[in-house]
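Start from chain A and add chain B according to the hints.
First to last, the sequence lines map onto chains A and B.
Heads up: the first sequence begins at 448 in my numbering, then just goes up one per residue.
Heads up: the second sequence begins at 38 in my numbering, then just goes up one per residue.
Since the hints were made in silico from the structure, they are not lab data.
Watch out, some of these pointers could steer you wrong.
As the list claims (entries may be wrong) - Calculated lysine-lysine pairs in the BS3-like style (CA-CA distance at most 27 Å, straight line):
| # | chain 1 | residue 1 | chain 2 | residue 2 |
| --- | --- | --- | --- | --- |
| 1 | A | K496 | B | K55 |
| 2 | B | K337 | B | K55 |
| 3 | A | K540 | B | K75 |
| 4 | B | K228 | A | K496 |
| 5 | A | K545 | B | K78 |
| 6 | B | K75 | A | K496 |
| 7 | A | K521 | B | K376 |
| 8 | B | K55 | B | K78 |
| 9 | A | K540 | A | K521 |
| 10 | B | K238 | B | K75 |
| 11 | B | K376 | B | K78 |
| 12 | A | K521 | A | K496 |
| 13 | B | K238 | B | K228 |
| 14 | B | K343 | B | K75 |
| 15 | A | K545 | A | K535 |
| 16 | B | K78 | A | K535 |
| 17 | A | K521 | B | K75 |
| 18 | A | K540 | B | K78 |
| 19 | A | K496 | B | K78 |
| 20 | A | K535 | A | K521 |
| 21 | B | K376 | A | K496 |
| 22 | B | K238 | B | K78 |
| 23 | B | K75 | A | K545 |
Claimed, not checked - Facing chain A, a subset of chain B residues (Cβ under 8 Å, in silico):
| # | residue |
| --- | --- |
| 24 | F120 |
| 25 | H139 |
| 26 | H175 |
| 27 | R197 |
Said to hold, decoys possible - Far from chain A by the CB rule (all over 10 Å, computed), these chain B residues:
| # | residue |
| --- | --- |
| 28 | R52 |
| 29 | M77 |
| 30 | Q82 |
| 31 | A172 |
| 32 | V196 |
| 33 | L206 |
| 34 | H339 |
Even for Gly, the Cβ is constructed at its ideal location relative to N, Cα and C.
In case you want the letters, here they are:
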Amino acid sequence: MSDWVEACAAGDIDEEDVMRFDHGGRTFAIYRSPDDEFFATDGLCTHEKVHLADGLVMDDIIECPKHNGRFNYKTGAARGAPVCVNLKTYPVKVDAGKVLIQIG
Amino acid sequence: MNAAPSRRDYSLIGRDAKLAVETGLSAAEWYHTEIPRKQMKALMQRSDGPAIRDTIIWFAALIVSGAGGAWFWGSWWCVPFFFVYGVLYGSSTDSRWHECGHGTAFRTQWMNDVVYQIACFMIMRNPVTWRWSHARHHTDTIIVGRDPEISVMRPPDLVRAILGFVGLLDAWHAMSDMLRNAAGNISAAEKTFIPEQEQPKSIRIARIWTAIYAATIALAFYTGSFLPLMLVGLPRLYGAWHHVMVGLLQHGGLADNVTDHRLNSRTVYMNPISRFIYWNMNYHVEHHMFPMVPYHALPKLHELIKHDLPAPTPSILAGYREMIPAFLRQLRNEDYFLKRELPLTARPYREEFHDNAAAAAAE
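Same shape as in the complex, but just chain A (with noise of 0.2 Å):
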């Protein structure tokens, strides 16, 4: 099991949006849902390789900016043509104001 990563302070997300964050030449995508809960995934779409923290949240939905492929961002499922792939997902808590993840 690897260690948590601190990815970013829990404020420098909007509700019901993303984040881009980096880290060991990966690319990763923080999410802070509606209900103030925080989420993260692969960063790319497994479309075409767009950074889907450039893309739109809505309620449990994250739309990639390039073809408007769908995700639930929660579980990782792929919600829409044209993406057909599920993202991975990746375990996430908030400690101290802090965004962890655990990378693995």
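Quick look at chain B alone, frame taken from chain A:
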């Protein structure tokens, strides 16, 4: 009117397709104007209201004009009704298909899906095939061999472009593709952009549509009247002119094989009726640069980033005044294109988007 055989290979499985992938021109990182996240987020926000309003108007106008055409069928009074019905059926469905395919027209996804399916049927574009072809169009906009939606290739086939205004070739190809798909055949080109698991859906839709058209033709024979076909199918021909008129302006005469939408797309100011029919896709540079922004927010986006874009073409007529001479010149020199001049406030084109040869061709 046709020129010598093109040096460009537009086949999706041909030489230029392979070259674009090998050189990184395909799936490249495209230029976009910087917009603060908060402003971008506000522009991307979805709403059902504008699209519900526009869809109610659209359906009401379709029903009234279609009913009027049927009521006056047999007299000249039916002509103005079918003129309106044709444009609503054969042209406004181009933008409805497009915007709902992006999933940006409505916030509620099932509403996008319903309008998408209806519009696809009317515009004769298989909803599965065209969803994937349009994704490719956004990945590789006007990249030769990669973009399946290049409407005017080089050198331009002007006969084909003119026939497009009455939908003849489009409808012929659409019907051929529908029957081929209905027979269970997905072409090699289609296989390059439709994932395997999606292909059966494309076949199923083609079979449903074939049944609808067969029933319409049977009804026409049964009643001894063209009227059923004037309401279903033929409007794709006699009402196509508006979507072709505005659609050719999207990229016509501009650069190919570049990765900056300011070079290969055109924003045109239009009258409000055309903008309703076209759902604001006249803001085409803005749409390609930020496809997440719904049609009703494109005028705001335009105001926000116009300092970084070439000056918009002031009217449809002005667009044709620059595009037609460019097409004619491409008959002699297919490398010629209209180079979009940037205002002083814009970030310059990157050199790799505009190498010396391309710049020389534009002179």
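If we take the beta carbon of V196 of chain B, is the closest beta carbon in chain A still more than 10 Å away?
holds, 33 Å
Measure nothing beyond the straight line between the CA atoms of K55 of chain B and K78 of chain B; if it is 27 Å or shorter, mark the hint as holding.
Given pair K55 of chain B, K78 of chain B is violated - Cα atoms ~37 Å apart, limit 27 Å.
Holds or violated: K521 of chain A and K496 of chain A, Cα atoms, limit 27 Å.
Judged against 27 Å, a Cα distance of about 19 Å means the pair holds.
Taking only the CA atoms, is the gap from K343 of chain B to K75 of chain B under or equal to 27 Å?
Answer holds: K343 of chain B to K75 of chain B is near 18 Å, not above 27 Å.
Please work out if K535 of chain A and K521 of chain A have their alpha carbons no farther apart than 27 Å.
holds, 10 Å
Examine each Cβ of chain A, and state whether all of them lie more than 10 Å from the Cβ of M77 of chain B.
For M77 of chain B, whose nearest Cβ neighbour in chain A is about 8 Å away, the distance does not exceed 10 Å, so it is violated.
Is the hinted pair K75 of chain B and K545 of chain A satisfied, with a Cα-Cα distance of at most 27 Å?
Measuring from Cα to Cα gives roughly 22 Å; hence the hint holds.
Given the hint that K540 of chain A pairs with K75 of chain B, test it: the Cα-Cα distance must not exceed 27 Å.
Holds. K540 of chain A to K75 of chain B sits at ~25 Å (cutoff 27 Å).
Satisfaction of hint between K496 of chain A and K228 of chain B, Cα-Cα up to 27 Å:
Status holds; Cα separation ~21 Å.
Going straight from one Cα to the other, do K545 of chain A and K535 of chain A come out at no more than 27 Å?
Holds, because 22 Å separates the two Cα atoms, which is no more than 27 Å.
Is the hinted pair K540 of chain A and K78 of chain B satisfied, with a Cα-Cα distance of at most 27 Å?
Judged against 27 Å, a Cα distance of about 25 Å means the pair holds.
Pairwise hint evaluation, K55 of chain B against K337 of chain B, where the allowed Cα distance is 27 Å at most:
Distance ~39 Å between K337 of chain B and K55 of chain B Cα, so the pair is violated.
Hints 2, 7, 8, 10, 11, 21, 22, 24, 27, 29, 30 and 31, counting from the list given before, are not met by this structure.
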